[in-house]
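S.K.: One-letter residues, chain by chain:
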Amino acid sequence: MSAPAPAPPALEVHDLVSAYGAVRAVDGVSLTVPAGSITAVLGANGAGKTTLLRTVSGAKAAQSGRVLADGVELTRLPADRVVRHGVAHVPEGGGVITQLTVEENLRLGGLWRADRADRVRAREEMYQLFPVLAERRRQPAGALSGGERQMLAIGRALMARPRVLLLDEPSLGLAPMVTRRLLRLLRELRDGTGLTVVLVEQNARGALSVADHGFVLSLGRVAASGDADRLLADDRTRHAYLGF
Amino acid sequence: MRKAPPLVAVLAAAALLTASCTGAGEVAEGDAASLDVSTGVTDDSVRLGTHMPLTGPAAPGYSQISVGARAVFDYVNAQGGVHGRQIEYLVEDDGYDPVRTVEVVNELVLQDEIFAMVGGLGTPTHARVIDFLNEQGVPDLFVSSGALMWNQPDTHPLTFGYQVDYTREAKIQGQYVAENFPDASVGVFFQNDDVGTDTQAGLEQYLGEQIVVREPYESGNTDIGPQVSALEEAGAEVVICECIPTYMALLILESQAIGYEPQFVASSIGADTVTLNGLLQEFADADGGTADDMLDGLIATGYLPQATAADDPWLELYTQIYEEYVPEEQPFTNTLLYGMVQATQTSMALMAAGPDLTRQSLVDALHSGEFNGPGLVPFSTAEGEHSGFQGAYVTQYHAGGRSEILQEPRVTDRETGPIEEFDFSRPTPDEVVFYGG
Amino acid sequence: MTDDTARTGRAAVLDRWRRSPMLLRHLAAALAAFLGIVLLTSVTDPFTNLRIATIGYHLVAVAGLALLIGVSGQISLGHGAFMFIGAYTMALLVIHVPGSPLWANLLLAIAASCAAGVAVGAATARLHGPYLAGATLILAVGLPAVALRYPEALGGSNGLTFSVAGTPPALSDTVPDPRWQSWVVWLAVLLALVVVANVSRGRLGRRLRAVRDDEAAAALSGLRPGRLRTVAFVISAGCGGLAGALQAYLLGTATPSSFGLALSLSLLAAVVLGGLGSLWGALWGALALVYVEVWGHDAAEALGLSDHVANNLPIALFGAALIAIVLLWPSGVQGGLARLGAAVRTRRIGPGGRPD
Amino acid sequence: MEQLAELVLNGVSSGAVYAALALSLMIIYQATRVVNFAQPGLALIAAYTAFSVTRATGSYWLGFVLALVVGGALGVLAERLLIRPVQRRSELSAIIVTLGLLMLLQGVAGMVWSNEPHSFPYPLDFRGRFSATDAFAVAAVGVTALGLLLLFRYTPLGLRMRAAAFRPEVARMVGVRVGLMLTVGWGIASVIGALAGMLAVPPFIFPNVLDGVFVYGITAAVIGGLDNPFGAVLGGFTLGIGLSLVSGYLGPELVTLAALVIVVVVLSLRPDGLFTRPRARQV
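Residue numbers (our numbering), protein chains in the order written: chain A, 1 to 244; chain B, 1 to 437; chain C, 1 to 356; chain D, 1 to 283.
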């Protein structure tokens, strides 16, 4: 073995194009997410944020471009393979399966992993992380509140012990206090486990307050990027794209 | 000139509207079609057609009839045909659905231009086409059904019945049961259509008080548990089954299942012991006997020889034909035999009509000739009497394939007339002309 | 006349055509179609006449069902039941009221099946998916059993036999019965299709589509989805009733076994086979119902297959055709033809043609 | 009183068959939102396979096992080759494809085995008011329903299948191979369908033998609700007993009409069937 190459970034996206029919929702996006960072993807409604995440996680097929995680090519893989490469996706609204119980939802997240004992361990960890879920483990997930559903969704994604967590609008429909708690939790997770987080948000101020870096999308392209503090401080970007 | 075509359409539409103001049900008497024609006949061929259920829920059993008929026609053709004409036999599948019967018979008559219809099968199906066939002047021979309506020479002069009708047969059954089981309670298990109503009209005349229970079945619903329970509950010691072989077999099985052992009496349509044996072959009776043992003792009426009968000159011939012309997988059943006899009598009629074959000559031949032969009872196609077979004999099946005649053939009418013995010398195949020139 | 003036002349005619009131347009088209039928039946033999008439009554049943499925988004597996009602209404009228004119019989048959449509439509308006499918399926199987329950009035399992007046005496020398009957059938069918076309293109159709596409939004904008669905059900039930009545008129028969599950399912198959969304689709479906069977039969005969194979070839072919069409031409024969047509047109116009 | 008992017992044994078919329809509906009209066709081919094998080897149970295997394999093939391509299209496309498959399979069965009825054995002794065969049918259906319940509630496979059925896209994101789950669902359902066929066919087999049973199977599924195995099973037994009573007390000609009445009454009271839990309001 020669000199160790620098560790590849947790997630790399090159010239990604993803379209619905003739409409290119993601139109040549490139971005790099360093391992162990929290990266915010911002932009107005319809800027292509959700499509970007869905294309990265394989929920939607890309037209062209590449996606790599830890240097491993994920571009043509379907969602159920992508998650096996350590990239977990929490879709918009969480995607909890309301007909299943809280515990079933949680178990589902780790089922593909062969290590049975660790699956059980992971579940207990999630219950520690989200005690409210432990209390309601036998109830159908449909009975949870919005914030609890987000916790369940995140917990379910973490059951896969991912290296990259893709989060789509976790704050949508949540009370400001709940949102703040959620965002703080992300930070703690990153600090505790070295998890890489990609956070898609319309709530740019909240997202940038926890993020290390940010990308601003507009009409499917990257309009601005940089450190979170810089983006927060840059009035032009704030006014043009972030609306605060 | 350019305006003309729309004008035609408008006029036609107007004519339709005016015409549709007269009653839809007021049918004018049409002129009878000319019979002095040889439609479907050439110097070396004559084309016959029939409609039968070959597919669908009603096909089981019946599809063998045309196989038997075709075998005999093949045999006749191999002997040189009738008056030098090869018989062409077109079989159309109607699935026992009257709508399709009308369609396929139209196709046979208008498109294929058959000379005559032979053995169209089923009451609801054929009833829809007898008007059409008579209007079109198509001889309608030997309808495969025991309904009473085929014998109406006044209104349907070209339609000729074939089977002994359900009422006649039931009268003979009724009388036999009344005489031989005078103290028994009788149950009737019947198909819920004209088979049921016509047979009960005959049974009533002799068994009135004796019948303690009547249970119908709907063709297509094979769950007959409730009916069999009811028969047993009513204490019927003799059960008369006016049904097709499938339901005869179901009745036997279901009775076995609940340990009910009445004396079964079957009518000719259901008493095909070879078919019954095939249907029951996977099952054994209570003592571990074979299917054949289940049929042991079955009393049945019939008018044709049984496929299992021994020492019958006609069966010798038919067995030969069967071996030569019937595809291997077909068993030699009464149903197959039925088609063979029908085809034989059709060929006899065509021979009797002479070398100058017209529809009129065929009808004349039917009215004047005798078509006795394969059948065990007299067969009538006389002017004013188109009923076909006139009576029935009573037989009992014994395990091992032997049938014993319990009562020699008797004839009767379909009303309340008496049941009589008769004098009848049945011609052998050598005495009957059904091919040649 | 130069090419150019011909084109502008044609454009003007087309333009006038498009601007004329819809009902008038449809009536004119129906008249043209009727003319076509008159011509077609005049040059074909009586048996083909009968087949043309058979296609006619299948067409109206299929078109009614296509309206229900395509425009209002409901799936009925039981449309044979409405044909049953129409056929028996016609049969009973012909038998018991022989003086009643044909048009009155047809109207009464439509009325009877519409009434049944109201009942069924109201009962099923709340149902969705498999529940609607199951309920209409058992309707198709269960309703004809009414005839078994009342054998005196309805003829039991043997059904009813009757004869219907043929060509009026004045024309009977020149027009054979089957030709006359096919005219009557097609006149009624085309009038019904005018109604169907108007409904489907008109305001009611737009509302139905709105409910189909987004029930909640439609309800918010003041439409009443339940009632609209029932209306669609009633119209298509009426078409089914008319088809049944015409069948009874044409064939002189009404038997419960003719209206079994197989009929209902083949109607549905015909709708999809032809293609939803246009009356042409219904026509292809009706043609398929009549001709796939015929071709299967002919093919079996031509190939000299054994009895078992020959007897079952038509049904197997129909099934295979159904699968192939759905897999290969998702929008049915009409959709496939339209695509082919478009491809041919673009090729003819060439690369210089207007881009989309 | 004795008649009542007999009719009920008779209804229980036919109800078992309806229940089995309802179960198989329910699983496929749960997995793929398709009402599988091809089910009687798949079961028919399975039963004919058993018929041929039993005739050739003399062993009923070898035929029985092979029927289940063939039934399951046909279901898997049907899902992969025919249903998957139309899965994303309208509900109608799938119905029509299964309908086409039914016609094709019935046609093929007629071609291979002819339209004539053949004798088809019962699994066990058929004699007695409630025979060994009846008991076998009821037990088989009971075990199947229980097995399904355990599978769905308590096994990882069942959890994956449910997730794939409820929210396929979400299931995919958590690593469930949704396509595989749908195929497995069709396979399991078709094995149960083949079981229903083996119970329903005797005493005679012919291409249309399962038509009526299938109609009642759908009816049972609809009145029981397509939500859980118990609904299907209870729906099947309810219908079997109900129709047996109608046949015995009112006449066999009323059976289909009675089924219609039952469906109308049940669905007008409970549009999602008798045993479906009231739907959790989804926000």
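There could be a bad hint or two in this list.
Here's a subset of chain C near chain D, in silico, CB distances under 7 angstroms, partners left out [claimed, not checked]:
(1) ALA119
(2) LEU137
(3) LEU148
(4) VAL272
(5) LEU322
Just so you know, these hints were derived from the structure itself, not from any lab.
Just so you know, even glycine gets a beta-carbon here, dropped at the ideal spot from N, CA and C.
S.K.: Tell me the hint numbers this structure goes against, listed in increasing order.
M.R.: 1
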